[in-house]
Amino acid sequence: KGARPERFRLAPAAALSGALADLYGLTVREGDFTAANAPADADPNEVRLALAQAGPIVLPEPARVRKIYLPSGDVLAPAFLVELYAGGADTVDSEAWRYFIAADDGRVLGREDLKIHDAYDFRVWADANGDKRPADAPLKDFSPHPTGMPDGVSPPYVPSAIVRMEGFNKNPMGAVDPWLPPNSNVATGNNCDVYTDRANPDGFGQGDFRVAANGPNTFDYNYDFTQSPTAVNTQAMASMTMLFYTVNWLHDYWYDSGFNEAGKNGQFDNFGRGGKGGDRLQIQAQDNVNGGSRNNSNMSTPTDGMSPKMQVFVWTGPSASKVTVTPPGNDVVATGSAYGPQTADVTATVVLVDDQRNTTTDACEAIVNAQAVAGKIALIDRGTCTFKQKTVNAQTAGAAGVIIIDNVQANTPPALGDGQPNAQVRIPTMGITLAAGNAIKAALKNGSVTTRLYRKAEPDADGGLDNTVIAHEWGHYLHHRLADCALAQCSAMSEGWGDFIALHTMLHDGDNLDGAYPMAPYASRSFAEAYFGLRRQPYSVDMTKDGLMFRHITNGAQLPNTPLAQTGGGNNEVHNAGEVWTTVMWEVYVALQKAGKMKGLTFDDVRRRMADYVVGGLAMTPTDATFTEQRDSILAVIAARNKDDLGVAAQAFARRGLGSCAKSPARTSTNFTGVVESLDAKPRIDLSEVTLDDGARSLPHRPSGP
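For the record, in the sequence shown the residue sitting at position 211 is 211 according to my numbering, with numbers rising by one throughout.
It is worth saying that the hints were derived from the structure and are not from the lab. Hints should not be assumed to be uniformly reliable.
Now the in silico label distances, taken between C-beta atoms and shown as ranges [stated by the list, open to error]: (1) GLY73 / PHE268: 22 to 32 Å; (2) ASP105 / ASP484: 40 to 50 Å; (3) ARG29 / ASP604: 39 to 49 Å; (4) GLY569 / GLY419: 22 to 32 Å; (5) ASP644 / VAL676: 25 to 35 Å; (6) ASN233 / ASN422: 18 to 28 Å; (7) LYS682 / ARG294: 48 to 58 Å; (8) THR234 / VAL676: 52 to 62 Å.
For clarity, every value in this text was computed on a predicted model and none was experimentally measured. Glycine included, each C-beta is placed from N, C-alpha and C at the ideal position.
Start from the sequences, fold in the hints, and give me the full structure.
Printed below as a string of structure tokens:
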């Protein structure tokens, strides 16, 4: 279907005249325009028109008018695209506009202001120049890790900066879609709505708020790392400004690789470009912080037309806790309670408590030796009541602090969670192992024992400031909008895709491609050192740092002999298996960057290619894909778009065991057994039938085997 060329009934000059009439309400006759020279490489359907003489309207340079076709129902309708600079004769300023004029009757089909006046200033952690990419975190850049080894070094905080941004995607008309409309007083745009969701029920409720502009086109909030994320509302304002910036940045970058309206992205208004609108992302900051939610984030992604929802949590801040026992003067590993003072330094003698029941040392009842406990450190055995109840009873007896001894053999002290009763706790509480507690009891039989309870806790971390966490969750949304996925194997790859989108955002031109790249260096500081981040190991193509292979998704498969952090779960745990997929995709991306450099391609050229391959590969992915099916979809897109990259990518897959003859676990497998690795990347030739003809008879032969 299409349109006939003879339906261009109007002349280009009439289209320009109509655009100026709409813009200024003044009539400029077709005869007032003269043809101007166009560049040698201009479109053949394009003309340049200038004004023959001065008048109330001035064209500082010739306008461009080009014949185009626009979708109109089931046909392509002829139209003129008009781009012009124009201004009044009484001003030194000019405007820049793009018009779409119907070629049959001159009606205005659309108009776009090309002048950047919807730009806003955001105080964020982002590159000041270039593509203004969000930084990994509010910390000194640790991607790649500066030493490439687990040395215990943590990156310091760095200041935020004002970054001006309107938007940078390229829509079908060649323009950008602004993140915010003109004169916005709140950071709610077409691509996302960011707000606090601190308490039940889910969603924007009483006491919640959005980011308010605090100056003309300005969202300028400083975050104070010496305070908690909820200390004052400006803390959340700063975090949500970063959230708004990062989510919009990801929208615009991946838009240009095909994750657009027709590709099922989320926007409130799709501008008639396909897909379903009304589904901008809902970003819930400090989610359920009043209800105690910590150390996580999640992404829910309905199909096109219903808003995806990202819930961003607060993360526990790092702390140092220890109990010093004298004699003999040794430090004992300890955990601090989730209730009561989070910073403490108390030294006093230890007294074993006695209460009113048979279990006389668990302090689940009122302490009868209160006179001995007053002003001392109460030594308490773990028992049947809550940790907090023990502390409250000791506090009532006048104790200066509490040590709770675990009641089972373990290498680490118990975690002392908050609970009942709902009472204010003013004294510090520390937990120690059963072995350490027994040693203190033995020492008490020989005389007085003094203990020092030391705890220093930094404020909690706001997850909205860790852009690797946000990019990870956004990666889930990208994956689930483009590929149908519900089973365990595909869900593991979704975790992997989340990490890969974060890594794709992290890597900069000039970075060491063989380095170690940790995930979530800011949010995870209370769980692991910066080298490991949130995962068992950093991502790297260096096998001595990241030795994960395809087989390592299988539960029980022996992990590589590299430094590993303990994150819990077997190899088939969704995040652990997802690490394997991220490692594989990182191998592909780094290989393409290295090959591109040899060919004279820029870093950004290859980066864009990789994003195109990801979007195209996900769009081709079968429902509940296996690892090898996802590999094949990506390779098929690469083969169709750039055969030079095909061999590079196939070799990279093979390096991690996903070569030509690799086999995935069964689609419905949950323990991921049945992996067959292949380290070769070679074409596979299948013969369906061979016929030998000697002139007299034919002998069909059907070969078997791969």
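- Query: Which hints, by number, does the structure contradict?
  - Reply: No hint contradicted; all consistent.
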